[in-house]
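**Q** Each chain, written out:
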Amino acid sequence: MLGGMRTIDSSRRAPSPASWARLAGAVAGSIGILALAGWAFDVEALKSALPGLAQMKPNTAACSVLSGASLWVLARPAATGRAGRWTLTMARAAAALVALIAALTLLEYALGWHLGIDPWLFRDETGAPMTSNPGRMAPKTAAAFVLLGLALSALDWRPRPRTSPAQWLAFGAAGISLAGLVGYLYSVTALYRLASFTGMSILTATALFAASLGSLAARPDASLSRVFRAAGPGGRLARASLPIVAAVTLAVGGLRLLAERAGHLGAEEGVAVMVTSVIVVFTIVLYVVAAMTERGEAARREAEQLFRSAVEASPNGMLMVNAAGEVVLLNRQTERILGYSAGELVGRRVETLLPGHLREGHEALRQAYLVDPQRRQMGAGRDLRARHKDGHEVQVEIGLSPVERESGIHVLASIIDITERKRVEEDLRRSNEELERFAYVASHDLQEPLRMVGSYVQLLAKRYRGRLDADADEFIGYALDGALRMRRLIEELLAYSRVGTRGAALRPTDSGEVVAAALRSLKLAVEEAGASVKVGRLPTVLADPGQLEQVFLNLLSNALKFRGSEAPTVEVTAERQDRTWTFRVRDDGIGIEPEYFERIFVIFQRLHGRNDFPGTGMGLAIVKKVVDRHGGRIWVESAPAEGSTFSFTLPAVEED
Amino acid sequence: VSIRSNGVPIEILLVEDNPGDVRLTVEALKEAKVRNNLHVAKDGVEAMEFLRRAGAHAEAPRPDLVLLDLNLPRKDGREVLQEIKTDPDLDLIPVVVLTTSQAEQDVLESYQLHANAYVTKPVDLERFLQVVRSIENFWLEIVRLP
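As you go down the protein sequences, you meet chains G and R in turn.
Letter by letter, the first sequence follows residues 2 to 657 of this note's numbering.
Letter by letter, the second sequence follows residues 53 to 198 of this note's numbering.
In isolation and in its complexed conformation, chain G is listed as follows:
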């Protein structure tokens, strides 16, 4: 959790404001329908709740039903198409009709007219409680319905973005109906009845209050509702205070009234006590709520600060972009990689940072990412390039993570400059190639003079051994030995350099046959060592058969060569793991000290004097190079006097 930033979690969802609005519409509508039923079947309780209270007049009940239905539809205008538009129009028309009926009623009161709208639905006999004009909507009710009707019919009117007059109209209607409710609660007639005119029914006050709050909730992104719903400290303060303020005021007022009516308090005392207690209680409430908000806000600021320092301290470049593709945050590493200062970049579109030919398609990619934002690498293995301020392209690797902030979803990009890494890789590749070329040319050109030396020393030995003196024979012997050793070295150097350049394509190869061929070449060595060689079931793998034979030749001849005093046992086995086969060549020979496990695979590294074990130190280097070329891995497990196991992996042939 990062204070104002949350990773996205769609699992917890409170009932949406639209659901509350619909519930309010249902309440208002139901009250209206029950009242109409009361009029139809003359059930007094449905008209006025309790005997002796003001009635919900027929027009009032009708307006309540219309407002409730209108609110129900407008709360969630999901329907599109012709039918959807028609339903919306009907809902607005119903609201307008409510405002019209209520306005005409007010005109009747003001000008003393009789427009014939009062007895339109049901006749109201004279003598009903708190009724100045039989069947006519109460003036306070009419005023509230004018406001509510206008609010509902203009629910989506926005003279300026996020400014909604409907919210203020609904707020007014809520105020009038709340006064009515409080009047009934405190038994203060003036609050629901204007002078001696008809009074507002408690049913009407309830329906109006519900419908007004519902209208506010129906458009949660506008004016009043937006402030109360805001995630920031203001919104939190408003949400925390409102219920406490309402409850405390109601309770203090009620207590004062009770005390006054019982004769414990005079009017002046009552005002003084109420003002004092309201101030005291509000101070405490404000203190508690503000302190809580401040603590939350401090924690949020600290988290934000922590987030910024984490971004700043990251060894990678970090860049945050909002849903519109504008840069909102970047760290110093990003400034270094791209050459822009934060001031130059914040507010600009992220496409600024792309090479020209990539800009056009990027916006679509960005939108696609926002449809299903997941933490992932960008570019799926392609080479990514960013454009430095001075115009040159920088090779980069980019990881993307979605981050939800108060201002909506953002994307945090982690940028690594890989220009240097790519350059080093390229240098290494080139230097390897050059080394291979050098080894090839050197070994090739060395052969010519070596042949001369070797052949003529041999000719000397063949024709003159025993015909010169003993010293001459010995000298010839050393010269011959040197020439032969150099020949092997050069041959193997050549073989080593040819692994990469002259290899055949990898193809399904029966490794059992390859091992058999290697053992045929080693027949003499096997017999000489008195070795027993066991070969397990060997698979078909993806390999260059010639090179694979070199691998087995080298490993097997090593196993025979580095034997102990007893006749050696050599084992060749293979085992499958997922998509690779691991081959093992195990011997019970002299073994290797662990400190040499890496060195033995390096070119020209020898562990033994050449009198003990002849060799060039090239064999395992060639083996490793072949295994590398096949995308495999080679390693050794061994202990002195306990034998060695050389293992290497090769890709399996997919069966299907």
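Derived from the structure by calculation, the hints contain no laboratory data.
Hints are supplied without guarantee of correctness; some may be wrong.
Straight-line Cα separation of at most 25 Å, DSS-like style, residue types lysine-lysine; simulated pairs [unchecked claim]:
1) 82/R x 463/G
2) 137/R x 94/R
3) 463/G x 85/R
Not close to chain R: a few residues of chain G, all C-beta gaps over 12 Å, as computed [said to hold, decoys possible]:
4) 285
5) 446
6) 449
7) 481
Label-pair distances were calculated between CB atoms; the ranges are [claimed, not checked]:
8) 85/R x 443/G: 36 to 44 Å
9) 489/G x 126/R: 46 to 54 Å
10) 483/G x 85/R: 27 to 35 Å
11) 189/R x 655/G: 42 to 50 Å
12) 568/G x 137/R: 53 to 61 Å
13) 137/R x 655/G: 44 to 52 Å
14) 85/R x 640/G: 50 to 58 Å
15) 85/R x 489/G: 49 to 57 Å
16) 137/R x 429/G: 37 to 45 Å
All C-beta atoms in this analysis are idealised placements derived from N, C-alpha and C, irrespective of residue type, glycine included.
Mind docking chain R on chain G? Use the hints.
**A** Structure of chain R alone, referenced to chain G:
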């Protein structure tokens, strides 16, 4: 088998500029079972003159076998091979190409020139003698062909 194995010596043209290799070939052929006359050309130009009996080689015999080194001055072995194999008078003469390494043979094969055989010059004498013997056998195989 062959009429020549017990009578007329076979004529061998060795195209080789390295005197060490020439001498070695001479020494090896001394031990050969088949009687032979070894002729030596020191470069590609001289080899073609010998084969076409041009200039000083007007009296040269037609060789029964050419041993051709690749790295030659003036005209190198690849060109000599090309000329022999595209000359209708010469294209039936068997040519054994002597290469310094297996790698050189790879390169040559990539040129799609058709030598009758490739032999890598061995570094040790015993193997060289074997090569000469195998060339002998090879030649005997050739003349046995109908």
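**Q** Tell me if the straight-line CA distance from residue 463/G to residue 85/R falls inside 25 Å.
**A** Answer holds: residue 463/G to residue 85/R is near 19 Å, not above 25 Å.
**Q** Is it the case that residue 481/G keeps its Cβ farther than 12 Å from each residue Cβ in chain R?
**A** violated, 9 Å
**Q** Given the range 42 to 50 Å, decide if the beta-carbon distance of residue 189/R to residue 655/G lies inside it.
**A** holds, 47 Å
**Q** Does the beta carbon distance between residue 85/R and residue 640/G stay inside 50 to 58 Å, or does it fall outside?
**A** holds, 56 Å
**Q** Would you say residue 446/G is clear of chain R, with no C-beta pair closer than or equal to 12 Å?
**A** The claim breaks: residue 446/G does not keep its Cβ more than 12 Å from every Cβ of chain R (closest is about 9 Å).
**Q** Between residue 82/R and residue 463/G, does the CA-CA distance stay at or below 25 Å?
**A** At roughly 14 Å apart (the allowed maximum being 25 Å), residue 463/G and residue 82/R satisfy the hint.
**Q** Is the gap between the beta carbons of residue 483/G and residue 85/R within 27 to 35 Å?
**A** holds, 33 Å
**Q** Holds or violated: residue 137/R with residue 94/R, Cα cutoff 25 Å?
**A** Holds, at roughly 20 Å.
**Q** Please check whether residue 137/R and residue 655/G have a Cβ separation lying inside 44 to 52 Å.
**A** holds, 45 Å
**Q** Mind checking the hinted window 37 to 45 Å against the Cβ distance between residue 137/R and residue 429/G?
**A** holds, 44 Å
**Q** Look at the Cβ atoms of residue 85/R and residue 443/G and judge whether their distance stays inside 36 to 44 Å.
**A** Taking Cβ atoms as reference, residue 85/R and residue 443/G lie about 39 Å apart, which means the hint holds.
**Q** Range first: 53 to 61 Å. Now tell me if the beta carbons of residue 568/G and residue 137/R are that far apart.
**A** holds, 55 Å
In this structure, the hints that do not hold are numbers 5, 6, 7, 9, 15, in rising order.
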